[in-house]
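K.L.:
Those sequence lines, one after another, are chains A and B.
All the letters of the first sequence, read from the start, carry residue numbers -12 to 97 under the working numbering.
All the letters of the second sequence, read from the start, carry residue numbers 26 to 141 under the working numbering.
Any given hint could turn out to be false.
What the hints assert, rightly or not - Calculated lysine-lysine pairs in the DSS-like style (CA-CA distance at most 27 Å, straight line):
#1 B:K34 - A:K89
#2 B:K34 - A:K23
#3 A:K54 - B:K34
What the hints assert, rightly or not - With the Cβ distance kept under 8 Å, some of the chain B side facing chain A (calculated, not the full set):
#4 G67
#5 L68
#6 G77
#7 A81
#8 N84
#9 E87
#10 F89
#11 F115
#12 A127
#13 V129
#14 F132
#15 A134
#16 G135
#17 T139
#18 L141
Please keep in mind that the hints were generated in silico from the structure rather than gathered at the bench.
Don't be surprised by glycine CBs; every beta carbon is placed ideally from N, CA and C.
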Amino acid sequence: GEDVEQSLFLSVREGDSSVINCTYTDSSSTYLYWYKQEPGAGLQLLTYIFSNMDMKQDQRLTVLLNKKDKHLSLRIADTQTGDSAIYFCAENSGYSTLTFGKGTMLLVSP
Amino acid sequence: DSGVTQTPKHLITATGQRVTLRCSPRSGDLSVYWYQQSLDQGLQFLIQYYNGEERAKGNILERFSAQQFPDLHSELNLSSLELGDSALYFCASSVAEGGVGANVLTFGAGSRLTVL
C-alpha cells in the first residue's frame, strides 16, 4: 500500500538552509506535494511537482525529486523564524486522494 | 482565511455520544475531503465527495458517516464516540473530482474533538 515517510524533527538557525526529506512508495504517483501547517491552522499548499520533473524552484523553495529512489526533498533557503511549522509531504494515491506523511516539525532559532 | 469554513472549532463531549462536524467548501469547489489528524496516526484520509456523490473512501470507521448536500456543504457524523476518536478533523476542498492534473486541496482550520 501507499506510505509516505518523513523525519519527525529538524532544527536550524535563522539564515541557514533547511532541507526536509521524504520517501514515498507509490511509483504511480503523478504529483507530489509539500504542505505547511502553522500552529492552530489547517494545511496550506506550498508547492507541488509533476513526477517527470527533477526540480522545481519557487522563490526560497526548491523541490528535488529522485523518482528512481522515490525520494522528495524541500529546501528552504535563508530560513526565517516565521518558517517554523510542520511540513507535510504528500503523494496522490489513487484517482483523487492524497496520502500524507506524518510531518516534519521545523524549528528555526534566532 | 483559506475559504474553507469548518464548525465548530472545538467540541468536547463524552464517550458514547454523537456529534456532527460541518464544512463549507471554498466557492467554486465541488469536491470535499475529510481527514483525521492525531499524534500517533498522523493525517488519515477518511472520505471524499464530489458534487454530492461519494468518490473515495479511506480509513473511515463504520461509526462514522458523511454526506454532501446540494449546496455542496458537507457534514461528518461521528457516533458512539470513544476516547480514541479525540483528534483534529480537517475538511478540504478542491475544484475537480481528481484524475488529470494536480489535485490541489485547500484545507479548513479544523475541528478539534475531545472525547472525555
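K.L.:
Each hint: holds or not?
P.N.:
Against the structure, the hints come out as follows:
no., hint, in the structure
1, B:K34 - A:K89, "holds (22 Å)"
2, B:K34 - A:K23, "holds (20 Å)"
3, A:K54 - B:K34, "violated (39 Å)"
4, G67, "holds (4 Å)"
5, L68, "holds (4 Å)"
6, G77, "violated (15 Å)"
7, A81, "holds (5 Å)"
8, N84, "violated (11 Å)"
9, E87, "violated (19 Å)"
10, F89, "violated (16 Å)"
11, F115, "holds (6 Å)"
12, A127, "holds (5 Å)"
13, V129, "holds (6 Å)"
14, F132, "holds (3 Å)"
15, A134, "holds (5 Å)"
16, G135, "holds (6 Å)"
17, T139, "violated (15 Å)"
18, L141, "violated (21 Å)"
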